[in-house]
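*Asks:* Throw the hints in and build the complete structure from the sequences for me.
Heads up: the sequence shown begins at 0 in numbering that gives the first Met the number 0, then just goes up one per residue.
Honestly, the hints are just simulated from the structure, not real lab data. C-beta: ideal position from N, C-alpha, C; glycine also. Treat the hints loosely; a few may be bogus.
Stated by the list, open to error - Think about it this way: if two alpha-carbon atoms lie no more than 20 angstroms apart in a straight line, the pair counts; the simulated SDA-like pairs of lysine to any residue are:
1. Lys54 x Trp103
2. Lys54 x Glu156
3. Lys54 x Asp67
4. Lys54 x Thr35
5. Lys54 x Leu36
6. Lys54 x Leu71
7. Lys54 x Leu66
8. Lys54 x Arg96
9. Lys54 x Arg98
10. Lys54 x Arg65
11. Lys54 x Thr100
12. Lys54 x Ile134
Said to hold, decoys possible - Label-pair distances were calculated between CB atoms; the ranges are:
13. Asp160 x His83: 28 to 36 angstroms
14. His83 x Arg53: 17 to 25 angstroms
15. Ser115 x Ala137: 20 to 28 angstroms
16. Ser113 x Pro46: 15 to 23 angstroms
17. Ser115 x Asp160: 30 to 38 angstroms
18. Arg64 x Thr89: 17 to 25 angstroms
19. Pro85 x Asp160: 36 to 44 angstroms
20. Ser113 x Arg64: 33 to 41 angstroms
21. Trp159 x Ser113: 31 to 39 angstroms
22. Gly114 x Arg64: 28 to 36 angstroms
23. Lys54 x Ile134: 34 to 42 angstroms
24. Gly90 x Ala137: 30 to 38 angstroms
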Amino acid sequence: MRANHRVRAGSHAAAGTPSAVSVARPSEGEAHDRGTLDWRISVPGVPAIVAIARKLVRAALWDSRRLDDIELVASELVTNAIRHTPSGRTGSLLTLRIRGTAGWARIDVSDLGSGSWAEPSSAAEGDECGRGLVIVNALADLAGHGPAADGQVSWAEIHWDVSPDAARTRAGAIRHT
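*Replies:* The structure is reproduced here in structure tokens:
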């Protein structure tokens, strides 16, 4: 689906505690042979999930030259889904998808939102909220949102330069995981 907004720069597990999560990995013959990664996890929309999302990104994209940026973007998108959509209500879920290959990563967060997109706000000094989309837009090469099966998806792509040796190393490491 094409995004409704662009800016520069599955089935769900039972709701409950943050430990009630399931990660879907591609089959051995699927993405692994192309040297790509595609993880999907459906989780309860509770604040503790933000830390879990950061850890999953770190584990999945360990060799990225922009790992800190990707991790921060993922945590901001997950936080927005929890704070600003029905996915943050008790018993509701959101889905985090982490995709990547040498030189590229994409984070998708699907939630129960209406599909409306808030423009980045300008937070006052000292405010604890209001910077999420500003951060995402500053760090991502592309970002946007669009409709999803049960609500909406917010996404961001981050790119980096990769030497041919690094690309081969990543493809080999993914095949053997």
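*Asks:* So, for every hint listed, does it hold in this structure?
*Replies:* So, going through the hints one by one against the coordinates:
{"no.": "1", "hint": "Lys54 x Trp103", "verdict": "18 angstroms, holds"}
{"no.": "2", "hint": "Lys54 x Glu156", "verdict": "18 angstroms, holds"}
{"no.": "3", "hint": "Lys54 x Asp67", "verdict": "11 angstroms, holds"}
{"no.": "4", "hint": "Lys54 x Thr35", "verdict": "19 angstroms, holds"}
{"no.": "5", "hint": "Lys54 x Leu36", "verdict": "16 angstroms, holds"}
{"no.": "6", "hint": "Lys54 x Leu71", "verdict": "11 angstroms, holds"}
{"no.": "7", "hint": "Lys54 x Leu66", "verdict": "11 angstroms, holds"}
{"no.": "8", "hint": "Lys54 x Arg96", "verdict": "13 angstroms, holds"}
{"no.": "9", "hint": "Lys54 x Arg98", "verdict": "15 angstroms, holds"}
{"no.": "10", "hint": "Lys54 x Arg65", "verdict": "15 angstroms, holds"}
{"no.": "11", "hint": "Lys54 x Thr100", "verdict": "18 angstroms, holds"}
{"no.": "12", "hint": "Lys54 x Ile134", "verdict": "19 angstroms, holds"}
{"no.": "13", "hint": "Asp160 x His83: 28 to 36 angstroms", "verdict": "34 angstroms, holds"}
{"no.": "14", "hint": "His83 x Arg53: 17 to 25 angstroms", "verdict": "19 angstroms, holds"}
{"no.": "15", "hint": "Ser115 x Ala137: 20 to 28 angstroms", "verdict": "22 angstroms, holds"}
{"no.": "16", "hint": "Ser113 x Pro46: 15 to 23 angstroms", "verdict": "22 angstroms, holds"}
{"no.": "17", "hint": "Ser115 x Asp160: 30 to 38 angstroms", "verdict": "36 angstroms, holds"}
{"no.": "18", "hint": "Arg64 x Thr89: 17 to 25 angstroms", "verdict": "39 angstroms, violated"}
{"no.": "19", "hint": "Pro85 x Asp160: 36 to 44 angstroms", "verdict": "40 angstroms, holds"}
{"no.": "20", "hint": "Ser113 x Arg64: 33 to 41 angstroms", "verdict": "36 angstroms, holds"}
{"no.": "21", "hint": "Trp159 x Ser113: 31 to 39 angstroms", "verdict": "33 angstroms, holds"}
{"no.": "22", "hint": "Gly114 x Arg64: 28 to 36 angstroms", "verdict": "33 angstroms, holds"}
{"no.": "23", "hint": "Lys54 x Ile134: 34 to 42 angstroms", "verdict": "19 angstroms, violated"}
{"no.": "24", "hint": "Gly90 x Ala137: 30 to 38 angstroms", "verdict": "34 angstroms, holds"}
Checked against the numbered hints listed earlier, the structure breaks hints 18 and 23; every other hint is satisfied.
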